[in-house]
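Student: Sequence:
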Amino acid sequence: MNPRIVRVTYLALVLLAVLVVATTYWQTWAAAGLADRQDNSVQRVAQLAIDRGLIFSFVPRTRLARNIEREVDGRTLYFRRYPQRGLTAHVVGYSTVERSRTGLERSLNDYLTGASGNLSSVLDRTLDELRGRPVRGNDVVTTLDLEAQRVAYEQLGTRCGAVFAFDPRTGKVKVMASSPTFDPNLVETDFAAISRITADCTPAAPLINRASDGLYVPGSTFKVITAAAALESGKFEPTSTFVDPGYCTVYGKRVNNFDTTRPFGTITLETALVYSVNSVFCNIGLELGAKAILRQARRFGFYERPPLETPADERSPSGLYRDGKLWTPARDSDVDAGRMAFGQERMLVTAEQMAMVAGAMGVRGRLVEPHVVDRIVAPNGDVVRRSRPTLVRRAVSAETAAAIARMMRLAVERGTGTAARIPGWSVGGKTGTGETGVPGVNTTWFIAFASRDEETPAELAIAVVLERQSGTGGTTAAPIARAVMEAILRDTENP
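Mind the numbering: the sequence shown is residues 383 to 877 in our numbering, read in order.
Bear in mind the hints are in silico, worked out from the structure with no lab data behind them. Be aware that a few hints might be false.
Capping the alpha-carbon separation at 30 Å, the derived lysine-lysine pairs in DSS-like fashion look like this [what the hints assert, rightly or not]:
no. : residue 1 : residue 2
1   : Lys707    : Lys635
2   : Lys673    : Lys617
3   : Lys673    : Lys635
4   : Lys635    : Lys617
5   : Lys707    : Lys673
Simulated DEER-style distance windows between Cβ atoms [to be verified]:
no. : residue 1 : residue 2 : range
6   : Gly706    : Gly763    : 42 to 50 Å
7   : Ser615    : Lys707    : 27 to 35 Å
8   : Ser615    : Ile450    : 58 to 66 Å
9   : Asp714    : Gly819    : 54 to 62 Å
10  : Gly456    : Lys707    : 50 to 58 Å
11  : Val454    : Arg776    : 18 to 26 Å
12  : Thr458    : Arg770    : 35 to 43 Å
13  : Glu480    : Gly819    : 36 to 44 Å
14  : Ala784    : Glu868    : 42 to 50 Å
15  : Arg448    : Arg770    : 23 to 31 Å
16  : Asp714    : Pro442    : 46 to 54 Å
17  : Arg467    : Arg704    : 36 to 44 Å
As the structure is a prediction and not an experimental result, all values here were calculated from the model. Beta carbons are placed, not taken as given, at the ideal position from N, Cα and C, and that holds for glycine.
Given these sequences and hints, build the entire structure.
Tutor: If you want it as structure tokens, here you go:
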């Protein structure tokens with residue numbers, strides 16, 4: 383046979399094989415990805431013919447997302463509406479024709495459209511399609527406490543910040559509030575109105591979920607992690623003593639306590655946490671080194687994307703950041719361990735992460751995944767999926783957690799967090815006032831847990847963060863935490 387014909391034949395066979403492989407890939411493995419692309423407008427319009435599942439709060443059971451029907455060119459289409467407007471905007475998100483989806487509307491889209499679920503719901507969807515009936519999606523019941531959510535927004539007011547509260551025993555998220563918020567009904571009809579939203583920060587950025595995606599300097603809330611690293615190392619105990627002159631020296635420079643007028647003299651580690659003494663934690667950081675503290679932080683979930691059912695790109699990991707990217711130092715000398723130990727340096731955290739830290743201390747060191755979905759229910763009433771408590775890991779020993787929980791309780795009883803006291807409940811907390819580099823402008827925090835008494839596990843953990851504050855965490859964030867905790871705990875006093 384002519385060699386040229388042989389080469390042409392081989393080339394044709396190779397090209398045919400490539401064509402078969404490519405066709406198979408795009409029609410099978412890549413099909414789901416194509417259908418799920420945010421810019422796939424054909425797919426989005428097609429899904430408007432589906433009677434999308436509803437989304438509910440848990441307490442009280444209230445619609446957070448519903449549908450309205452419209453006849454378009456002889457077809458019945460379903461358009462999304464959000465009765466609670468901005469109250470749950472960042473959790474629920476939105477589903478639109480022009481701007482696609484965010485929040486649970488995006489991450490649970492397959493469930494809400496009936497494309498994912500148990501065998502029964504898939505069969506029901508298929509039968510509906512064959513009969514020409516509108517496909518009905520699965521309903522989603524969240525864990526949110528709507529009244530406490532409302533209290534959180536009332537307390538935040540025009541301030542920029544976030545509140546994240548959950549049950550550290552079960553992981554159920556009660557409140558997830560990000561301020562400023564926005565009305566998701568306007569995304570489709572008047573998106574420009576959202577861009578005009580203002581608040582006590584610039585830019586207001588209302589679309590960002592500050593509770594899980596906002597990264598902030600933790601300030602003294604990070605001392606809880608440093609204290610954990612100190613006790614877990616075996617080098618320190620709650621009764622270990624330090625001499626506080628009102629400052630410590632790092633790399634030849636003086637680092638003052640936040641209140642520079644009050645040197646404490648000789649104090650214990652316990653007292654240092656109760657009154658948030660920077661110099662003690664600075665010296666602990668220098669003794670342990672940055673990498674030891676970071677290893678402990680990882681046990682709490684740092685350097686991991688915080689767990690939740692919302693889209694992954696709406697949740698940011700906590701840790702050291704450099705040039706806008708998460709960064710792990712190679713050597714202790716790469717980091718100012720003294721400043722990092724009391725929550726400065728290049729440490730950035732989310733409210734969700736710090737609520738998890740507080741929660742672990744309230745349940746004897748167990749780190750439980752937060753979840754905002756209680757269950758997913760098929761149109762016939764069958765439960766397609768039910769969330770269960772998920773243990774991430776033990777962040778610290780039970781002994782360490784108990785010691786730090788005691789320190790946090792004392793901080794609320796007589797230390798920096800007295801504004802968070804709740805009669806009838808044992809509250810442990812930690813204030814934080816993070817320096818922003820602008821004199822007199824701070825990021826303020828309060829993290830806490832609440833239990834019925836000192837012997838029982840915490841039933842609630844919370845983190846409150848506020849941007850651009852002139853006060854401290856104890857005066858600005860702690861009162862918000864108290865009000866939100868009271869709203870949630872009120873429903874649990876008579877179970």
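Student: Which hints from the list above does the structure break, by number from lowest to highest?
Tutor: 9, 11 and 14
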